[in-house]
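Novice: Spelled out, the chains give:
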Amino acid sequence: MADDELLRTLEDAFESVQHGAQTRPVSVTLPTPLADAFRALADAGVVDSVSEATTRALLDTLQSQIIGLRLDALYAEEPDARPDEEAIAALAARAGVQLP
Amino acid sequence: MTVTVVLDGQGLHAWAQRRPPRDVVALMEVLRRAGSSRVLVPSVVLVEALRGDARDAPLDRAQRETTVLEQLPVDLAREAAGLRRGVGTSAVDAVVAATAVQGGAAYVVTSDPSDLAALLDRATPPVDTVVVRV
Chain A
1 MADDELLRTL EDAFESVQHG AQTRPVSVTL PTPLADAFRA LADAGVVDSV
51 SEATTRALLD TLQSQIIGLR LDALYAEEPD ARPDEEAIAA LAARAGVQLP
Chain B
1001 MTVTVVLDGQ GLHAWAQRRP PRDVVALMEV LRRAGSSRVL VPSVVLVEAL
1051 RGDARDAPLD RAQRETTVLE QLPVDLAREA AGLRRGVGTS AVDAVVAATA
1101 VQGGAAYVVT SDPSDLAALL DRATPPVDTV VVRV
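Protein sequences, first through last, are from chains A and B. Read the first sequence against our numbering and you will find it ends at 100, with the numbers running on by one and no gaps. Read the second sequence against our numbering and you will find it ends at 1134, with the numbers running on by one and no gaps.
Think of the hints as simulated: they come from the structure by calculation, not from any bench. The structure displayed is predicted, hence computed values, not measured ones. Here a beta-carbon is modelled for each residue, glycine too, at the ideal position from N, C-alpha and C. Just so you know, not all the hints are guaranteed correct.
[To be verified] Partial list, derived from the structure: chain B residues whose beta carbon lies under 7 Å from chain A: (1) R1022; (2) V1025; (3) L1027; (4) M1028; (5) E1029; (6) V1030; (7) R1033; (8) G1035; (9) S1037; (10) R1055; (11) R1064; (12) E1065; (13) Y1107; (14) S1111.
Take these sequences, add in the hints, and give me the full structure.
Specialist: Structural data, given as structure tokens:
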């Protein structure tokens, strides 16, 4: 799938989820302690459900992927739009964001 | 860690541009590299951002890539009112600031950095939200 097509697919998915898309049960494999921890959080009422917490986490990951594809498209078209590493690091540091 | 950003109307305009301002691109690089992010747009900012004609097309696309908060809960409205008291900023700016406070936002992107900074300074407990100017 071309990046532009992938971006549109991801945008469609992202937007649909925001507007209450249908759900379906899927099987995912999680580390047992993580699954147990979120079950305990759900039982304690801290999170609505494991499904809800998982959806939120996946949506946050999807957001970053969409941004990344947008940036890649921008840099492909206008290479000099790429910010320098110092500017990125400085902006992250100002907010205390630790980047990998 | 999920990195949260709140956009005001001009912040949304900036991200919608074919070539966004350099600081906005750098910020979006931070979000990409963080691997987990939220870009929040309180729906009330669309009142200022949208023009109601064909010029909205880039904004429509940018909006699809963000989380538009369609509800304004009473507790958030109260927080906005509290931040705004004595500051004299617009109600929309106050909602943007309150959204940042309640959402634990790391950044706010705005064309009114002084107003947003003044609002965020009134948050209790204090917040470390970084104001990015466009």
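Novice: Taking the numbered hints from earlier one at a time, note which ones the structure violates and give those numbers from smallest to largest.
Specialist: 10, 14
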